[in-house]
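From first to last, the protein sequence lines are chains A and B.
Note that numbering that gives the first Met the number 0 has the first sequence beginning at 0, numbered continuously upward.
Note that numbering that gives the first Met the number 0 has the second sequence beginning at 0, numbered continuously upward.
Among the hints, erroneous ones may be present.
Just the calculated beta-carbon pair ranges, DEER-fashion [stated by the list, open to error]: (1) B:N13 with A:A65: 57 to 67 Å; (2) A:A180 with B:K134: 12 to 22 Å; (3) B:G130 with A:Q34: 33 to 43 Å; (4) B:D117 with A:E98: 52 to 62 Å; (5) B:N13 with A:V153: 55 to 65 Å; (6) B:A114 with A:D15: 29 to 39 Å; (7) A:V72 with B:N141: 48 to 58 Å; (8) B:D20 with A:V152: 36 to 46 Å; (9) A:N202 with B:P30: 41 to 51 Å; (10) B:T76 with A:N206: 34 to 44 Å; (11) A:P87 with B:V148: 51 to 61 Å; (12) B:N24 with A:A65: 46 to 56 Å; (13) A:Q139 with B:K134: 28 to 38 Å.
Non-contacting residues of chain A with respect to chain B, defined by C-beta distances greater than 12 Å in every case (computed) [unchecked claim]: (14) V19; (15) P40; (16) V46; (17) N124.
No lab work stands behind these hints, which were simulated from the structure alone.
We treat Cβ as the ideally placed atom computed from N, Cα and C, and that holds for glycine.
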Amino acid sequence: MPYGPYARISILRPHDGDTVDFEAGSVRHIEWHRQAKDTWPWYVYSVWASTERQRWVMYATFGHTAASLNNPVSPVEDEKDNILNIQPHAQFQGNWVYEFLPAVSRGNGVPTPTLRAEYTTVELNAGAGDAFEAALGLQQLTLQKETLWYRLVVGGNVPRYVRLRPRASLAAILDEREDQALPGTSRGLVAKMSVETLNLRPNMLVNVTPEGQP
Amino acid sequence: MYATFGHTAASLSNPVSPAEDEQNNVLNVLPHAQFMNNGVYEFLPALSHGNGVPTPTPRAEYTTVVLIYGAGKPFETALALEQPKLHGETLWYRMVLGGDTPCYVRIRPRENLGAILDERADQALPDKVTGLVMKMTVETLNLRPNMLVNVNPER
């Protein structure tokens with residue numbers, strides 16, 4: 000595999016009525032990462048379709064080894080800038096490390112930076128992880144387009160999985176709605192499944208070039 | 000609640016001037032409100048009485064049904080069997096994007112609250128789906144005639 004398997008995903012909820020200042024602070028903080036010569040790829044998405052997280056903002060970085068995740072750029076200064084530019088305007092709601100699962104996916108674990116993505120969260124009953132992955136593995140060969148599965152390693156209740164399907168448009172996501180369903184054999188394993196969509200924020204990326212742009 | 004109906008995937012994917020829409024949203028709406036939910040639903044004609052674009056009546060009954068995981072197909076099969084019995088406009092939608100699945104919404108546009116209450120006996124789902132439903136919520140909506148775009152309220 001050309002990339003490390005780990006992804007870090009975090010999500011923020013902007014304070015009500017504070018959107019303008021949050022957006023401005025986010026742009027300044029992203030600029031801090033650029034000025035600090037951060038080598039990590041940073042994807043920033045807004046949650047679009049969602050029951051609980053509409054307009055929340057997701058920061059994510061993919062393709063890491065354990066060693067690279069263990070060595071972020073200038074963590075003390077990063078935190079200082081965070082406190083200055085982000086924390087006054089938003090609440091941190093989650094921070095997770097996931098492991099990419101190539102045997103059940105189509106793609107390399109580093110999402111194509113398309114303008115939209117379908118983001119599915121699957122929470123399993125305790126102890127159902129192995130059987131769930133086996134079920135996904137059996138249908139891996141049928142995957143037609145980029146479909147990236149990740150298993151939660153640290154950050155919350157387990158077993159929990161995320162599926163990311165980057166697509167160019169909302170229409171592309173809707174046209175593939177029949178492919179949302181999980182294998183029939185996973186029925187007794189799943190406690191909860193949630194499907195959301197993400198909008199990429201082209202002005203907030205670091206070391207990531209949005210697809211279709213130079 | 001802001002809603003738009005009767006779209007193809009392509010038309011939903013091409014809203015008018017999204018950047019300017021967002022700018023105006025930030026200016027006029029976000030300072031005064033909290034966005035709680037945004038979903039995309041698919042109309043289910045085989046379960047419904049109507050064409051998927053609600054009649055813009057002053058009132059509507061709005062029912063949300065959350066199922067246990069994996070119960071979508073038997074739920075739709077049971078509702079389809081009951082479809083010939085539907086009398087008034089009854090529109091079923093399946094959530095495609097925007098939260099926990101499976102989730103369904105039923106809209107029954109009606110002229111007034113009296114009409115909604117007179118049909119309370121029709122609120123119930125078929126007995127066959129009892130074991131499939133995790134949660135069912137029934138609410139009513141009031142149309143806002145001064146806030147419609149390309150919609151003429153029914154008189």
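(message) Please check whether T76 of chain B and N206 of chain A have a Cβ separation lying inside 34 to 44 Å.
(response) 49 Å, violated
(request) Return holds or violated for the Cβ distance of N202 of chain A and P30 of chain B against the range 41 to 51 Å. (result) Violated: the Cβ-Cβ distance is about 22 Å, outside 41 to 51 Å.
(request) With respect to the beta-carbon atoms only, verify the hint that G130 of chain B and Q34 of chain A lie 33 to 43 Å apart. (result) Violated: the Cβ-Cβ distance is about 58 Å, outside 33 to 43 Å.
(request) Confirm or reject the claim that D117 of chain B and E98 of chain A have a C-beta distance inside 52 to 62 Å. (result) Between D117 of chain B and E98 of chain A, where Cβ atoms are some 56 Å apart, the hint holds.
(message) Quick check on a hinted range of 46 to 56 Å for N24 of chain B and A65 of chain A, using CB atoms only.
(response) Taking Cβ atoms as reference, N24 of chain B and A65 of chain A lie about 41 Å apart, which means the hint is violated.
(request) For the range 51 to 61 Å, tell me whether the beta carbons of P87 of chain A and V148 of chain B fit it or not. (result) 36 Å, violated
(request) Go ahead and decide if the range 36 to 46 Å is satisfied by the Cβ distance of D20 of chain B to V152 of chain A. (result) Check passed, 39 Å falls within 36 to 46 Å.
(message) If I claimed the Cβ atoms of V72 of chain A and N141 of chain B lie 48 to 58 Å apart, would that claim hold in this structure?
(response) Given a distance of about 53 Å, which is inside 48 to 58 Å, the answer is holds.
(request) Could you let me know if the closest chain B CB is still more than 12 Å away from the CB of V19 of chain A? (result) Given that some Cβ of chain B is not farther than 12 Å from that of V19 of chain A, nearest at about 6 Å, it is violated.
(message) Just to be sure I understand the hint, the distance between the Cβ atoms of Q139 of chain A and K134 of chain B should be within 28 to 38 Å; is that true here?
(response) 33 Å, holds
(message) A range of 57 to 67 Å was offered for this pair. Does it hold for the Cβ distance of N13 of chain B and A65 of chain A?
(response) About 43 Å separates the Cβ atoms of N13 of chain B and A65 of chain A, which means 57 to 67 Å is violated.
(request) Just double-check N124 of chain A for me: nearest Cβ-Cβ distance to chain B has to come out over 12 Å. (result) Per Cβ check, N124 of chain A is inside 12 Å of chain B; nearest 10 Å; violated.
This entry does not satisfy hints 1, 3, 5, 9, 10, 11, 12, 14, 16 and 17, going by the numbered hints stated previously.
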